[in-house]
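Protein chains in written order, with this note's numbering: chain A, 1 to 519; chain B, 1 to 514.
Quick caveat, the hints were computed from the structure, so don't treat them as lab data. Remember, it's a predicted structure, so these values are computed and weren't measured experimentally. Glycine included, each C-beta is placed from N, C-alpha and C at the ideal position. Treat the hints with care, since some could be wrong.
As the list claims (entries may be wrong) - Which chain B residues face chain A? A few, computed with CB under 7 Å, are given here: (1) S254; (2) S256; (3) F257; (4) L266; (5) L270; (6) A277; (7) I300; (8) P455; (9) S473; (10) N474; (11) A476; (12) Q479; (13) L480; (14) Q483; (15) E484.
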Amino acid sequence: MIFSKLSLAPTVLIIIYLIKVVNGQFDDPDYYWHLKTGEYIVVHGMLPQEDIFSYTNLGRPWVLHEWLFQVFIYLLHEWGGELGIKIFAALALTACFWFCYSICEKILAGDKAKAFIVALLYCSIITSVAPRPHLFTFLFFSLFLYILLSFKYFGETARLWLIPLVMALWANLHGGFFIGLVLIWLFILGEWVMYFLAKDAESLKRQRLMKLSLTGIAALLATLANPEFIRLWLYPFQVIGMDASQGIIEEWRSPDFHQPIFAYWLVVVASFFAAMVYAPRKPDVTEFAVPLVFVAGAFMARRNIPLAALAMAPFVAAYLRAGLTDSLIKFLTSYRRVRPGFQAGVRSKASQPLGKYEYVMNWLLVLLTLLSLILIYPERQKTISASLAKIIPVKATDFIIREGIYGRMFNTYHFGGYLIYRLYPQQLVFIDGRADMYGDPFINDALAIYQGSSQWNKRFDRYGIDYVICESESPLRQLLLEEGKFHLVFDDGMHSVLLRDIEKYRSIIKRYEGKPAHG
Amino acid sequence: MASRIPKLSLGAVVLAIGLMAKVLVPHFEDPDFYWHIKTGEYLLSTWPLPRSDVFTYTHAGSPWVLSEWLAQIVLYLVFATMGYIGTAVMVAAMCAFCGWLTYLNCRRQMGNPVHAIIVALVCSLFFVTAAPRPHLFSFVFFAATLFVLLEFKYFRRDRSLALLPVILLLWANTHGGFFIGLVLIFLFAGSEWLRHGFKSEGALEAGQIRKLSLWSAGTLAATLVNPHFVRLWWYPVEAIVLSGDAQTINEWQSPSFHVPITQGFLSLALVFFAVQAWAKRRADLTEVIVPVVFIASAFISVRNMPLAAMALAPFLAMNLGRVSWLARTARGDGEDAADRGAAFSAGAASRMPLAGGQEQVINWVLLGVAGFALALSYPAQKSKQEAAVAAYMPVGATDFLVANHVSGNMFNSYQYGGYLMFRLYPAQKVFIYGRTDIYQDGFVQIHDAIQHGRPNWKSLFDRYDIDYVVCESNAALRQLLLQEGRFRLVFDDGNHSVLLKDVDKFKALIARHG
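Excised from the complex, chain A in its bound form:
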């Protein structure tokens, strides 16, 4: 009987989950090299200490700070295939939404409708997220917020033990673990500041704060449980300090507010500040510092937007609980010309529930959604595959495999992950998404070659490259064709394969000269 009671919020959640499963995409190139790394670890039973995927940096020290995720994703892929990965990714995102909704509902004393609206408003900015380690960062971040805010607003300490445990996992799943430490310690510092500023500091509160502080210390120590031990602590700072990570990696750039999704983000942030300003009570130190730090982080790098959204939502719920709606109504309806019934209308409770029929309708809704999605799934997959082929060099790689092309390749940075996945160990790549391993000088070199900068050919010749796989629009493609030492053998309008005019490729070049393959 319990399971038959499906209320509106879980209904919508399930529907969102199902939609995300169906729409899951694999257009993020990093997903592929994570998968391959996981395969290597499982097959060989060890973590590689040096690079194994590129010939340009073969043997260079490689810090595997996401090994646990890579193993997990590989095993999941082996067990459930692409559908298994989609289910996991959708589950992780839905769980984030669930934690966010749950804490909002708790703060709003069970007002499910308001909690749902707040969670939806802020979490809707988290659209499709690729199956990559940062999924765990979002998941654990939302979990920590739940635990910490339960501590803050309800004095609950029972779940604090989860934090160090999760941190130990987090430190092996994603380099973003330090975000968890930032969150915890911001909380701890904020709460201590308020404790010392309070006129009537209770000893019970002090005890709870001591518990929280010990949890924070334990969380920090827990992150040492990783293959790199204390060296892992330096990793986040190394990545953030890299110039190339901001130049070449889009997700590290600031949001472009000319794009609708980021314009929406601006509106979401504005709504948060409006809530903070018009709330009947002023924010305390924690309520101010925590969301502000993550909002600032989101302006710096768009990949932090989901974290900021998760950080803002519960505090908006807190302002609503404190009477934000009344405060806004008062602000607006101090203007007396508003219809007399307006205030009463806004304050009136939601319409009466439907009773048991509501649950029946909700189940029907879920089942109908499931049926519809099952029906459209094959067609949707075709669309997704087609759009994937525009971003990832699927056909170009098929061509390379089909024709048995081998040698020293030059590839576009973003292609590297997918090429590793399809071609390793037979072929090693020039470069891929592991920017932290390659470092700024090498990445800048690769960029200079790709963009056809001055001395591009000297840099290019240094690597003894046999074939090139790049976008059709890339300057390098045009330069190599002008130079005449390379021939175009594949071009589907988006991706190109060029072979050096040498003996081992003569037959392929002869076959496609003037009429490059395209599928």
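Once you have looked at the hints, place chain B on chain A.
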């Protein structure tokens, strides 16, 4: 002794130091500066005002919207009579004027003049990026418009509203950004109308709101006094949206918050909201809408940052005065902004000396030391500025073209166009330069495809029968042309290159420099 020393307030000292410091950072490496100068020169030499492009051979005769003619004439006259130093002083003076008005706006909201100086100074820091271009006039007129509106709102000085149409009339002839002034005025008027309509506390009375509305309508009418009449209203849409500037031109794009100055702006915006949250009294509708709209505009386009900083400064000052623990540090503890404003306008009674009679001496010493230090640093800053110009602008390449009388159809990098025009017109016309309203049919995208070596670069390039190319040494086009063999490299200083087509008229030059 102290009474014989001329009076110099701390605010004046800060203003003077700011002005002198800005003279050292004029940003002559901004490419648009050059084509504005050239346009001003051309406008003065022809009458009536020209209606079509004369600077490019690709768009010769294309309709030309003279949205900045007055600014271009002023810039040219200053440059022609006083050279680079005079132009730098003009830029600094305009920025200082904006800073001064911002300070006045803040001072009227804060009891403590030092606090007002700090807020105004922080908000004026964004002028450090201001270049000698017509948008300076937008900054000046925006500051003036905001000042007039705030004087009206808080001190009921309705006579100053008469300045608004005059400001907008000048603005509409100096910079296409005049529509920002209209946005400010109508946002202001609109929110005050709403406050009046809903009878909120402190709202303007009927007579005042009517005056504001009339003068606002007057400003709209005033913008029609321009060479293009009502067509000018469409110009901002053409120049920004339809031209594709927002996608291709850096200053129209959203700021990257990896740079200190934009991080500073982000911090300022966050502080603004934080202070609003902690202020004792809630902001009214106007006090919310005006700064929020301009902050949003700065997030959308980085070039709007100085405007946003000016827009939020007085409201930040006001709210700082309303935060109880901050107000306790100000003289006039707990006073409301209106009370402080009344005290300010009452006269000297509110301008308490900060350090007794020695304040004047300290101020003069401060000014002297700062002035001396800045004067000492002038030669180094000048060299730095010249190096920046040479790094961004093809100075050496243009010298080469002039020295060797290179002529023909040129292809140039987009950002070189203004400088090349400045140096070569009328002897040579450029392929493209920084005014985008004259280009149609995806011309900017065509240029981009050629410059960056897209697959169809060659067919597009050949369409224009180009004789020589001036571009960056790192441009893909340079490498492509050298690879192709039809062009020869005759100049390269590591930053900028000149390539000549291997044809008869350039054979001697190629033999000498190729």
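Hint check:
Below 7 Å, beta-carbon pairs count as interface contacts, and S254(B) has one with chain A at about 4 Å; its hint therefore holds. The criterion of a C-beta within 7 Å of any C-beta in chain A is met by S256(B), whose closest approach is roughly 5 Å, and the hint holds. Because the smallest distance between the Cβ of F257(B) and any Cβ of chain A comes to about 5 Å, under 7 Å, the interface hint for this residue holds. For L266(B), the suggested interface contact is upheld, since its CB lies about 5 Å from the closest CB of chain A, less than 7 Å.
The beta carbon of L270(B) is positioned within 7 Å of a beta carbon in chain A (closest approach about 6 Å), and the interface hint is therefore held. Interface hint status for A277(B): upheld, as the beta-carbon distance to the closest one in chain A is roughly 5 Å, under 7 Å. With 7 Å as the threshold, the beta carbon of I300(B) comes within range of chain A, its nearest partner Cβ sitting at about 5 Å, so the hint holds. At a threshold of 7 Å, the smallest CB-CB gap from P455(B) to chain A is about 6 Å, leaving the interface hint in force.
Taking 7 Å as the C-beta cut-off, the interface hint given for S473(B) holds, the closest approach to chain A being about 5 Å. For the restraint placing N474(B) at the interface with chain A, the shortest Cβ-Cβ distance is roughly 4 Å, inside the 7 Å limit, so the hint holds. Evaluation of the A476(B) hint against chain A yields a held restraint, the C-beta minimum of about 4 Å falling below 7 Å. Using the Cβ-Cβ criterion of 7 Å, the hint placing Q479(B) at the interface with chain A is satisfied: the shortest such distance is roughly 5 Å.
For L480(B), the shortest C-beta to C-beta distance to chain A is roughly 6 Å, which falls under 7 Å, so the interface hint holds. A hinted interface residue such as Q483(B) counts as satisfied when its beta carbon comes closer than 7 Å to some beta carbon of chain A; here the least separation is about 4 Å, so the hint holds. Among the interface hints, the one on E484(B) holds; its C-beta lies about 5 Å from the nearest C-beta in chain A, closer than the 7 Å criterion.
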